[in-house]
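**Q** In case you want the letters, here they are:
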Amino acid sequence: MKNWLKHPTYIWKTAHHKDDAPILSIENLSVKYDTGMVLNNLSFDLLAKDRIAVVGPNGAGKSTLFKVIAGVLRPSSGSVQIYGHEPGGHICISYIPQRTQVDWGFPVTVADVVMMGRISKLGLFRWPKAEDWELSHHALEVVGLADLAKRQISELSGGQQQRMFIARALVQEAELMLMDEPLTGLDQPSKESIFAILDQLHQQGVALLVSMHDLKLAAEHFDRIMLLKGDIIAFGPPEEVLAPDVLSKAYGGHLHLITEDGRTLAVNDSCCEGDHYALD
Amino acid sequence: MPWIDFLLTPFEYPFMIRGLIAVIFTGVVCATVGTYVVLRGMAFFGDALAHAILPGVAIGYWVEGGAKDAVFWWGAATAVLVSLGMGAISKGAKIKEDTALGIIFAGMFALGIAIISSVNSYSVDLTHFLFGDVLGVSSNQLILIGSFSIGIILMVTAFYKEFLVLTFDPILAATLRIPKRVFEYLQLILIALAIVISLQTVGVALMLAMLVTPAAAAYLLTKRLPVMMALAAAIASLSGVIGLYLSFYANLPSGPAIVLTATLFFALAWVIKMVRDQRNAS
Numbered sequence: 357m358k359n360w361l362k363h364p365t366y367i368w369k370t371a372h373h374k375d376d377a378p379i380l381s382i383e384n385l386s387v388k389y390d391t392g393m394v395l396n397n398l399s400f401d402l403l404a405k406d407r408i409a410v411v412g413p414n415g416a417g418k419s420t421l422f423k424v425i426a427g428v429l430r431p432s433s434g435s436v437q438i439y440g441h442e443p444g445g446h447i448c449i450s451y452i453p454q455r456t457q458v459d460w461g462f463p464v465t466v467a468d469v470v471m472m473g474r475i476s477k478l479g480l481f482r483w484p485k486a487e488d489w490e491l492s493h494h495a496l497e498v499v500g501l502a503d504l505a506k507r508q509i510s511e512l513s514g515g516q517q518q519r520m521f522i523a524r525a526l527v528q529e530a531e532l533m534l535m536d537e538p539l540t541g542l543d544q545p546s547k548e549s550i551f552a553i554l555d556q557l558h559q560q561g562v563a564l565l566v567s568m569h570d571l572k573l574a575a576e577h578f579d580r581i582m583l584l585k586g587d588i589i590a591f592g593p594p595e596e597v598l599a600p601d602v603l604s605k606a607y608g609g610h611l612h613l614i615t616e617d618g619r620t621l622a623v624n625d626s627c628c629e630g631d632h633y634a635l636d
Numbered sequence: 008m009p010w011i012d013f014l015l016t017p018f019e020y021p022f023m024i025r026g027l028i029a030v031i032f033t034g035v036v037c038a039t040v041g042t043y044v045v046l047r048g049m050a051f052f053g054d055a056l057a058h059a060i061l062p063g064v065a066i067g068y069w070v071e072g073g074a075k076d077a078v079f080w081w082g083a084a085t086a087v088l089v090s091l092g093m094g095a096i097s098k099g100a101k102i103k104e105d106t107a108l109g110i111i112f113a114g115m116f117a118l119g120i121a122i123i124s125s126v127n128s129y130s131v132d133l134t135h136f137l138f139g140d141v142l143g144v145s146s147n148q149l150i151l152i153g154s155f156s157i158g159i160i161l162m163v164t165a166f167y168k169e170f171l172v173l174t175f176d177p178i179l180a181a182t183l184r185i186p187k188r189v190f191e192y193l194q195l196i197l198i199a200l201a202i203v204i205s206l207q208t209v210g211v212a213l214m215l216a217m218l219v220t221p222a223a224a225a226y227l228l229t230k231r232l233p234v235m236m237a238l239a240a241a242i243a244s245l246s247g248v249i250g251l252y253l254s255f256y257a258n259l260p261s262g263p264a265i266v267l268t269a270t271l272f273f274a275l276a277w278v279i280k281m282v283r284d285q286r287n288a289s
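For the protein sequence lines, the chains are B and W, in the order given. Numbering-wise (our numbering), the first sequence opens with residue 357 and increments by one. Numbering-wise (our numbering), the second sequence opens with residue 8 and increments by one.
Chain B with its partners taken away, still in its complex shape (with noise of 0.2 Å):
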């Protein structure tokens, strides 16, 4: 109750934003389970139009950083700001979740689950107007899926199910989006789709928050990288975080280094692709 008091947006509309702060301001985060730490002390600025791979054994708490800057879990201490403000009160972040965390099965149109991201900005009692569903649709012109509107969310494939989540980012009108390893599960051209786009957002403005296994495509389509494993072990240029002995703190014995032709590759086994990176 106090929660919906201190957050009165949904009622009152009021995602006011600092213009000269960034998108994302996170210090001295940390998030303790009973279990134990998950996320130990961490701080990194975030700026319209940065592009972001978090990379990162499974277990360094990946999830747990993107739930915790969506607003949905607290911190344990530190701060996490949003144009300046805690993330009550913005709701122009867009969490997109795991493929398995959605129950597929659920009773809803792939335009119904679009339709979702306006329900801020329709307010209580409103039903969706003319212009809400032309904004939808547009949404999914851009991301491909006009003609599959109809369909019950199971019927689509993977890539197109993210591409679905994309479109809803899209009517949210969200600057910053945090993606959950959306390439998980993906063959190239679904992949490839949903970098081109990514790019396009970015050719917009909107921040990206991509978590992934696939050190190589992180290389190439993310102007930084950072490595999580607990604590922030790298946060820079792919060049400087993908250096061999960077990684290896992260993933230790479970990153595959091998010098092949006078490259170093390093193959990344903490998931399920077996993807590459390759070190010049």
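Calculated from the structure, these hints are not laboratory results. Where hints are given, some of them may not hold.
Said to hold, decoys possible - Result set (SDA-like, lysine to any residue): computed pairs, CA atoms no more than 25 Å apart in a straight line:
hint, chain 1, residue 1, chain 2, residue 2
1, W, 187, B, 547
2, W, 280, B, 507
3, W, 230, W, 190
4, B, 388, W, 230
5, B, 477, B, 436
Claimed, not checked - Here chain W is said to cover these stretches of chain B; the calculated rule only asks that three of the stretch's residues, wherever they fall, bring their Cβ under 8 Å from a Cβ of chain W:
hint, region
6, 475–486
7, 589–600
As the list claims (entries may be wrong) - Facing chain W, from chain B, some residues (calculated, C-beta under 7 Å):
hint, residue
8, 451
9, 460
10, 463
11, 472
12, 504
13, 508
The beta-carbon is built from N, C-alpha and C at its ideal position, and this holds for glycine as well.
Starting from the known structure of chain B, fit chain W onto it as the hints suggest.
**A** Only chain W this time, still in chain B's reference frame:
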């Protein structure tokens, strides 16, 4: 024409007409609210809640000397309190949620039966509490059932999109700054009230069937939430009406007759779904 007589004869009795209206109202309400129960996987919660209001109803019965309208309010108050309490426990418990619910469920149910049995004259009424007595619905009770039903349906309609997001994607609800707790508890209260108005129809022991069976049947037949709700409501009311006829002609207790009919509808939906899937696959 004999079949018209067959259909109309029961309604020469006013108690049958009242029963008919009651099963239609409770069918619609339970199925609509039950849609959320099915989609959120709260079946055990619903069952526990239904059983846990028994002591409140029993004390009400004792204090009010058996006045049925008064017992309704006792049931409603208990249901709201218990649903909020169980909602809080499932968040803060140090043991697993279903274990916590199980302890409360059984403990409260036992307490209810103990209270009812401690007075001899309750022995007949005990079966009514457990299995319902739709033919004993009074006019005043019918007014209460009707107005609560309309209230619940209005709430479900008014907060449709909030409940939808909360059920489908709680994280989105949080990022959209929807007052999640408020709507979560509101949903629990609506489930609790649906249970109270069905107490007279199917009783505590079979309540879960009214919440879950029609909604589950509808889930098999459609992939859109509003359609699922409407279909579940139709299946539930039809089960109620058919159950009443069964009860009248085959001399079955009304609660079990209604639940059995709903179960048959579920089986039918299952078969339709199987046939459909097979046709799509080939």
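**Q** Take the hints in turn and mark each one as holding or not.
**A** The hints, checked one at a time:
For the hint pairing residue 187/W with residue 547/B, the CA-to-CA distance comes to about 33 Å; that exceeds 25 Å, so the pair is violated. The suggested pairing of residue 280/W with residue 507/B holds, with an alpha-carbon distance near 18 Å, which does not exceed 25 Å. Only pairs whose Cα atoms come within 25 Å are accepted, and residue 230/W paired with residue 190/W is accepted, the gap being roughly 24 Å. Proximity of residue 388/B to residue 230/W is assessed by CA-CA distance (about 40 Å); at most 25 Å being required, the pair is judged violated.
The suggested pairing of residue 477/B with residue 436/B holds, with an alpha-carbon distance near 23 Å, which does not exceed 25 Å. Under a criterion of three residues with beta carbons nearer than 8 Å to beta carbons of chain W, the stated coverage of the region 475–486 of chain B is upheld, 6 such residues being counted. Judged by the Cβ-Cβ criterion of 8 Å, the region 589–600 of chain B is not covered by chain W as claimed, because only 0 of its residues qualify and three are needed. Checking residue 451/B against chain W: minimum C-beta separation of about 5 Å stays under 7 Å; hint holds.
The restraint placing residue 460/B at the interface with chain W is violated, with a minimum CB-CB distance near 11 Å, outside the 7 Å limit. Evaluation of the residue 463/B hint against chain W yields a held restraint, the C-beta minimum of about 5 Å falling below 7 Å. Using the Cβ-Cβ criterion of 7 Å, the hint placing residue 472/B at the interface with chain W is satisfied: the shortest such distance is roughly 5 Å. Evaluation of the residue 504/B hint against chain W yields a violated restraint, the C-beta minimum of about 13 Å exceeding 7 Å.
Among the interface hints, the one on residue 508/B holds; its C-beta lies about 4 Å from the nearest C-beta in chain W, closer than the 7 Å criterion.
Comparing the model with each earlier hint shows violations of hints 1, 4, 7, 9 and 12; every other hint is respected.
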